[in-house]
Amino acid sequence: MFGFTSKQLARVGIFLFMIFIGVPLIVGATGRWDFYFTLTSVALLAIASAGVWLTFYIGRINIGQGAFALIGAYVSAILVVKAGWSFWISLPAAGLFAAVVAILIGLPILRLRGVYFAMITLVLTQVVTLTALALPITNGARGISNIPLPSGISVFGIPILPDFAAMENTKLAFYYTACILMIITYAALYRLVNSRLGHLCRSMQQNEELASSIGVNISYIRIVIFAISSFFGGIGGAMFGSIAQSVYPSSFQVADSVNFMLNCFLGGLGYVFGPMLGTLVLYFGWDLLFEFGKYQMLIYSTILIVIIRFLPNGLLSIRFGKGGDK
Amino acid sequence: MSPLLQVKNVTKKYGGLTANNAISFDVAENEILSVIGPNGAGKSTLFKMIASFTPTTSGEVVFQGERISNLKPHIVARKGVVRTFQETTIFKSMTVRESVVVAQHLRAKASLAGYFWGSKTAKEDVTAFERYADELLEFLGMSHIAGEQASNLPQGSLRALGIAIGLATDPKVLLLDEPFAGMNHDETMNMVNLVRSVRDERGVTVMLVEHDMPAVMNISDRIVVLNFGEKVAEGTPSEIQNNEKVIEAYLGSVDDEIGM
Amino acid sequence: MEQILANGVYLGSQYAMIALGLTLIFALMNVLNFAHGQMYVIGGFVTYTFYGQWGVPFVLALVMSCVTLAILGALIERYLFAPVIKGPAREESTMLLAAGIAFFLDAVILLVFGEKQSGVPKIVDGVFNYDFRLIMPYDRILICVLAILSIVAFIGLMQYTKTGRALRALAQDRTAAQLMGVNVDRYSMIGFALGAMLAGLVGGLLVTITGVNLGMGGATSIKAFMMVMIGGAGVISGAIWDGIILGFMEAIGLALLYQYGDITYLLIFVSLMIFLAIRPQGLMGKPWG
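Residue numbers (my numbering), protein chains in the order written: chain A, 1 to 326; chain B, 1001 to 1260; chain C, 2001 to 2289.
Just chain A, with the same shape it has in the complex:
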């Protein structure tokens, strides 16, 4: 199936079993309902991180995903609150809007490479935060609060998606939704990376000049990839806004953009599932260190520095060794 080996299929099976059945069982047994919120956040941040990872796949260090997550969150919130759309339609709309913005911004800035591209995307995050503060439609610093929970959707009277507001356990519902979105994202990412587009991205990552000499339209692929990447950011952000039921200019800031980048780097840039693992480890690591009170930040940053100092190829490199498989 899809060219997977049976071993890979078994791994995917175990993974799916864990998140859809294992986790709810564990939560039920321990009574730690807050775990759902943590894991939902991880899943959504992992979606946005997947986008950052994809931009890295064409050799661009993207520190602007916070901008697209914020755009996605606002677009969805405005469509739901002000235009009365169903959240489920606003979700792809948010992703598409983020992708369109990415195309417009990408046209000039994707010509930049290396540190220059990184810097300009970092500034972009700040621009979007400030825009959200300045525009009337985003309500400035007050943000948009009281976003209703996603309503149900039915086609020809057959319910496709349930009404979240009528549910007893929205935490679990959001957890499942986020996990399904994350799985779709990573499945798409995996297909993309292993298809011809992925090979072309890899050729561009390694040498843009050579890639264009063999006929690769590098500027076109850069835009396509940046748009897909930002689509992921928009989706992640929109879902986050819906769970928090509010969006503020500070919902995604420069620090979040930096964190998305860290998730990818720590997980390992050579591995499709790197950003997922990186997000999980960083988010849980940060949460676990909460016990240390005011030393939380100190210990967290020290561990970060130690990892980058001694594991420059990311956490997954321990398991796969140098070069590893994809």
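It cannot be assumed that every hint is accurate.
To be verified - Computed list of lysine-lysine pairs in PhoX-like fashion (alpha-carbon distance at most 20 Å, straight line): (1) K1120/B - K1092/B; (2) K1072/B - K1008/B; (3) K2086/C - K294/A; (4) K1008/B - K1092/B; (5) K2116/C - K1092/B; (6) K1079/B - K1172/B.
What the hints contain is simulated information worked out from the structure, not anything from laboratory work. All of these numbers come straight from a predicted model, not from anything done at the bench.
Assemble chains B and C onto chain A, guided by the hints.
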């Protein structure tokens, strides 16, 4: 018969500096044409303009009756004019075979979306790519290093890999950038034979920029000589060897060895 | 009008210093120092502690800021950046490392100096008042003069000393500098220390006017990145011009758009994006060109 590729009055200026001044010559189908000249003669700049890696200041390059200068490199590659690079420009962390497979992307019949969903045409493409990669590597005598990572290859193999990547695109004209630089006599002879077989057996017209005089004299059908951005001579190897302007140009320059 | 010009010069001189430090580090090591803003904040807190808390003379406190940051910068370069730069995947790694260091310094600032805004007594009292057209407190004038003097001293150092020449050679071409006999490891460390010291010096100067707090670090870094981009990363004159341009834009913007609040910064950021769209090559300047 009209020439395959024409360089017409091509001029390149960088600020006040003229790198190429009104250069004109034709390339016939199925010939091996070398561009030689001392350092700073403007050979590399000329090559970049032919492959549209840099725009011309004035003049044009015409390929099969179509202007190909001042376009994007990938468009020129699609039309069949493909350049290679010196050995550092490779896909470092791909294997030889992977590089050659990727380089065939112009031959793809399925769309990018087709690849994403795994359409039938896409699967056929992939099989065809792999078969052709193996065939090409066999032809170039590189089958034994097909699985090696490019960054681990010695210099001579890197040069061959560059040619393999260029050939994989099915070019009509292949532009080789100093294919013999830094090679000893035996390696150079191997490369000369390889380039010749590319022309003889694959029907590819070859243009090359080179420093190595004996090799150039050996391989070329015709030679174009540049000096200080001007064309000083054009002709068969024997004509060039006896051309006074050429001898003068070469006697005037000492540091031939440092690549330009 | 005079007021706006004066404000522009005042802001521009400080921004230029911040940009200089960042661009120096960038030119030498191709490292984007995310922690630059935090280094600036530490400089502010050191001066605050010596001058504001312990009553040490202001100039001495400034020197302490410089020394602290120079040592900190040297240590960071020696034990963190230098080994990572030698490793594989250096561009991503150094960026990640720089982000980690920024977090780390934030944590240290939080633990040592706390979260609250800290100010120091004025260094000089009084206000310069020219016919109510130009009003500028004396302490601001003094700080501005000190900043300009520091920039001049820095340029002098880069132009006329052996260290400066070595740093310039290193910035232009690392390999060539090494072949010419420049001790690359040593001068990378000196350069980083110098860049960090500049950040610390601005922090020390500005604490007398704006005070200092933990949150200033990140915002300062972003402004510094912008400045470095406008004129070309690694270009010394570019950094100074950018500082002045940003200073004037901010002064003019704040004067004209006062009632709209943060819109000044939004306009500055947007104009930067447009500038880059039109002239991306404008920031591909060669180091120290």
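To see whether the hints hold, each was checked on the structure:
At most 20 Å may separate the alpha-carbon atoms for a hinted pair to count; K1120/B and K1092/B exceed this at roughly 31 Å. With a C-alpha separation of about 19 Å, the suggested pairing of K1072/B with K1008/B holds against the 20 Å cut-off. For the proposed pair K2086/C and K294/A, the alpha carbon gap of about 34 Å is over 20 Å, so the pair is violated. Between K1008/B and K1092/B the alpha-carbon distance is near 36 Å, which puts this suggested pair outside the 20 Å criterion.
For a cut-off of 20 Å, the pair hint linking K2116/C to K1092/B is broken: about 51 Å separates their Cα positions. For the given pair, K1079/B sits about 8 Å from K1172/B by alpha-carbon distance, which is consistent with the 20 Å threshold.
Comparing the model with each numbered hint stated earlier shows that hints 1, 3, 4 and 5 do not hold.
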